[in-house]
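Novice: Each chain is listed here by its residues.
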Amino acid sequence: MGLLNKLDDPYEGGGIVLGKVEELLNWGRSKSDWYLHFGLACCAIEFMAMNASHFDFMRFGTIPRTSPRQADFIMITGTVTFKMADRIKILYEQMAEPKYVISVGSCSNSGGPYWEHGYHVLKGIDQIIPVDVYIPGCPPRPEAFEEGMILLQKKISRQAIFNKRKRLGTE
Amino acid sequence: MQSTNFIWDLFGVNLLTVVAVVALPLGFVLIYALVAILAELKISAWIQERLGPMRTGPYGILQPVAEVIKLLQKEDITPDASSKLLYNLAPFIIFSGAYAAFAVIPFSSAFMPANINVGLFYVFAIGSISAMGIVMGGWASSNKYSLMGAMRSVSQLISYEIPAAMAVLSIVVLSSSMNMQEISHAQTGYFWDWYLFGGPGSWTKVFIIPFTITLAIAYFIASLAETNRVPFDIPEGESELVAGFHTEYGGIKFAMFYFAEYANMFVVSAIFTTIFLGGWNSPFGEFLQGPGWGVMWFILKSFSIVFVQIWVRWTLPRFRVDQLMYLGWKVLLPVSFICFFAISLFVMFK
Amino acid sequence: MLTYFKNIWIGFYSALVGMKITWKHIFAKKVTIQYPDERFPLPSNARNRLQLMPARCTGCTLCVAACPVNCITLETVRVVPDDPHQELYENGTPRKMWVTRYEMDFAKCCFCGLCVAACPSDAIHHTTDFEYSSLDRSHLYYKFQTLTPEQAEEKKRLFAEFKAREAREKEAKAQAAKPDAPRPEAEV
Amino acid sequence: MSEKKKIDIEYSQLDSERMRINVGPQHPSTHGVLRLEVEVDGEIVTDVVPHLGYLHRSFEKHCEYMTYPQIIPYIDRMDYISAMNNEWPYVMALEKMLDVKVPEKVEYLRVIVAELNRIANHQIAVATFGLDAGAFTPFLFYFRDREYIIWILEKLSGARLLYNYFRVGGVAGDVYPTFKEECHDVIAKVRKTNAEVMNLLIHNNIFIKRTAGVGILTPDVAINYGCSGPVLRGSGMAHDLRRDEPYSIYDRFDFDIPVGKGEVGVVGDCWNRNMVRMHEMEQSCRIIEQALEQMPMEGDVTAAIPKRIKLPKGEIYSRAENPKGELGFYIVSNGTDKPERLKARGPSFVNLSVIPEISKGYMFADLILILGSIDIVLGEVDR
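Chains as they are written, first to last, in this note's numbering: chain S, 1 to 171; chain L, 1 to 350; chain U, 1 to 188; chain Z, 1 to 383.
These aren't lab readings, by the way, just hints derived from the structure by calculation. For clarity, every value in this text was computed on a predicted model and none was experimentally measured. One should not assume that every hint holds.
[To be verified] Residues on chain U that point at chain S, a partial pick, calculated with CB under 10 Å:
id	residue
1	I33
2	R39
3	R49
4	T58
5	A107
6	K108
7	R137
[As the list claims (entries may be wrong)] Heads up, simulated BS3-like pairs for lysine-lysine below, C-alpha to C-alpha not over 30 Å straight-line:
id	chain 1	residue 1	chain 2	residue 2
8	U	K6	L	K330
9	Z	K61	Z	K343
10	S	K123	Z	K192
11	U	K29	Z	K180
12	Z	K261	Z	K105
13	Z	K105	Z	K307
14	U	K170	U	K156
15	Z	K101	Z	K313
16	Z	K261	U	K6
17	L	K330	U	K163
18	Z	K189	U	K30
19	U	K30	Z	K338
20	S	K83	Z	K192
21	U	K96	U	K20
22	U	K20	Z	K343
23	Z	K310	Z	K61
24	U	K143	U	K163
All C-beta atoms in this analysis are idealised placements derived from N, C-alpha and C, irrespective of residue type, glycine included.
This is chain S alone, in the form it adopts within the complex (with noise of 0.2 Å):
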């Protein structure tokens, strides 16, 4: 996790300075939040819904980002067909460190309503990408995005950056 990395051994257990800083690196994290602007399907107009002025997605602190280099995280909103899958795993793949994934709808989330005959549908985007939140709607109405985006926030906020076993979750 680049500069993560760097700092994670010889500071284990922390300290209160080191509590701090790390809280005020995971403020900025979540406060800030790049997204990279991906629209599949239904969901994408129920996301460009988000984005307009009712619901305003720029609250949250997050900026569309049309290159993955520079996203924070990314939203899959809609039906993944195998022929997109590794479109998305290479996207996803070229997304900076530290880097999440919200899944939104049915469709990303299992599949959705063409778990069951389709042969060409992904069955849950986390069979290729590590999934961090899901947002269940067919599509979800645009405040659940944005609770789904809090979740996210709250996730990024009690991340352990120094200490190891408490950030892979042994501890």
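Fit chains L, U and Z to the known structure of chain S by using the hints.
Specialist: Same frame as chain S, but now just chains L, U and Z:
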């Protein structure tokens, strides 16, 4: 002539003073960029009847701080296919190009980092460095979008440098100086003494007022193009070239592009302020006039130009690359040339 | 020459017109609903998370048939007469089916509302709750049955016993009536 | 002498290489997941090859597994921007086969929701077209207004985007008391924003320069490719199923068919196609106003239909004027409750096929605008 840098006067010429003189604009650039980023987010939101960032600090005012902290933590990517040295060098060149221009900006009658006699010339020379950085970045990332963005950027910069230089040259003719501090001094008085309104002089200046105003508009348009702002943002036009020349940049390197864009915005606004809006002069004679207040006036005037730049950005659609060339070569250049000619005639027969 | 200047003027003027419009909007009233603090009132028929009323569900499987995406898993066991634990539906009639398993996968549901329209006893309905995003997909798998797995096992056992007993009785009756008849197979 | 010869080399003889650029499937302005393989000579587009299938969801195969009412949610997901309009031809086909008479109130309600959804669709079309040209503010103005339409449709149907509102012989939800007032409010808002965007974007000189005379689609090409909807009407052909083959109760309303007139630029260019959408919003407003006036407020919203819908053996083709063009459903029934075969004729797919024809020779930035002016939805293209 009055001394133009109070730090030299206070501490004399030694290494510490040099550091202070260098650090002051740097600190200003960083703080200003944060403010400008927030202003862009907020003003764009207000225009669109939104609120903009609201949840980072009160009314979202800490948003740019969070962004900087985040960008510092991002992984530093160098694509495998890129030309590594050039790829890594490009952001620094662009940022230093933007920052070096601050050396000659007269913030107040008592502070100007380097009082050189060819200040305006220096600004234009330094401004072209950022084009080099863009080309390097675009070419080195070995991405077709980046390459096209870089090529467009260079052609754009070359075309718009000339009308901008023409506009500046007219003011140089009027004030018979290239020293930005002297140009500011020449406009001391009331706001009708600004070069936007023909500069100081007798009633005969009414003949050139239309020309100076036209020049101001021409310079503003050209400066928009030089800083790659909408409607001239074709080098990074989102809808065609995903993110243009900085498609492959992320993390702190992208932050440098990001900061350089806003720093450049300030530089062109500062030049506009200096040559057309009287620099650090108060618009109302002796009212709040002085070295201290000068900083306030200067930043106030520059920020209103930055505001107009942001306002234009969220209003107008984008030009196409050939229309951009048309505007630059066939409209702005002849217009600014005519104005330059008229002003030169006026100066000759005054 | 005149058209040249006219074109420049038109271009400049149209930009000014646009800027005037955006200038007005800077000071216009903002329409944003600040979601976690303020909420847009949802209409009562908004189709969000489904809710099952186990006290009403008869286990008729009409919702399963109506669901286009097959996200409902429904298993039922008949209530045997000698079950010590009898229950009434919400409207007072005795329960005929135990719903041993009623599970919905909201990661698959397409919120079309066909199950609600199909339900004869109004047991399933949409709520206005949409805030249930989760960090794990398994959290979107909802189990609506009120019976615990042990209870469900017991009900199944009771039903199997009942079936076996019934079959035995039937067999005995058949043998008593017609000793040569072939033995019917016991259903489980 | 030799010096002079070198100078005389013409541009066309220069050894230049063409560049192939891959636009999409993840690109900010391909309106979804379309992939265009573009060959450019400098900035000039020399060839475009669209690649489809990134959103293939096998709608037609799914229909063979579904009973007739279960197909409606899948139809919603075809052209997800105008779901109400999509459901209509399908439901109409079933009603024709079952010989169901739809109540008067339902017909009016269907017209109103379909026209509201048409406005919402055109708002997105114009908004994203503006976004492609680089204007971000009109995009958000339209999405702000679209929200008011969505709220009405949500109160009727319960969903915001994929309504599943049309049922065989009726609709799923009755009108609510303040329905008429809210519709009138929305129409006023739509007109106000349209007037504003006209000044802000459509008549902006930069926008005109960008779009007028770009991507000219001549009427004969449009007919040969089978284009329909605003793409065809932008070329000056007044073809509209609502008037030419009136289904439902469209013959009771007074409305015009806007066509591209070429006030700016050439008939059939991007600007005129876009302008047709702007005018169509106004015509939809007129239709809604008339429908609201004539609509009976009392009465049931469902006709008597069998609980289990089984179509008689046979086949039917039913079509309607969608915001994107002519949408048709061809249903072959084998007498059971599931169709034997269901074929959809998606207007976006047909309209998209003219892209290579009309985008050659323009600049790369124009290609994006041409794509935007055709207003495709990949859900319907790939199905």
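Novice: Each of the hints needs a verdict: does it hold here or not?
Specialist: Hint-by-hint comparison with the structure:
{"no.": "1", "hint": "I33", "in the structure": "holds, 6 Å"}
{"no.": "2", "hint": "R39", "in the structure": "holds, 7 Å"}
{"no.": "3", "hint": "R49", "in the structure": "holds, 8 Å"}
{"no.": "4", "hint": "T58", "in the structure": "violated, 25 Å"}
{"no.": "5", "hint": "A107", "in the structure": "holds, 4 Å"}
{"no.": "6", "hint": "K108", "in the structure": "holds, 5 Å"}
{"no.": "7", "hint": "R137", "in the structure": "holds, 5 Å"}
{"no.": "8", "hint": "U:K6 / L:K330", "in the structure": "holds, 14 Å"}
{"no.": "9", "hint": "Z:K61 / Z:K343", "in the structure": "holds, 9 Å"}
{"no.": "10", "hint": "S:K123 / Z:K192", "in the structure": "violated, 45 Å"}
{"no.": "11", "hint": "U:K29 / Z:K180", "in the structure": "holds, 25 Å"}
{"no.": "12", "hint": "Z:K261 / Z:K105", "in the structure": "violated, 36 Å"}
{"no.": "13", "hint": "Z:K105 / Z:K307", "in the structure": "holds, 21 Å"}
{"no.": "14", "hint": "U:K170 / U:K156", "in the structure": "holds, 21 Å"}
{"no.": "15", "hint": "Z:K101 / Z:K313", "in the structure": "holds, 20 Å"}
{"no.": "16", "hint": "Z:K261 / U:K6", "in the structure": "holds, 24 Å"}
{"no.": "17", "hint": "L:K330 / U:K163", "in the structure": "violated, 95 Å"}
{"no.": "18", "hint": "Z:K189 / U:K30", "in the structure": "holds, 15 Å"}
{"no.": "19", "hint": "U:K30 / Z:K338", "in the structure": "violated, 50 Å"}
{"no.": "20", "hint": "S:K83 / Z:K192", "in the structure": "violated, 43 Å"}
{"no.": "21", "hint": "U:K96 / U:K20", "in the structure": "violated, 71 Å"}
{"no.": "22", "hint": "U:K20 / Z:K343", "in the structure": "violated, 50 Å"}
{"no.": "23", "hint": "Z:K310 / Z:K61", "in the structure": "holds, 19 Å"}
{"no.": "24", "hint": "U:K143 / U:K163", "in the structure": "holds, 27 Å"}
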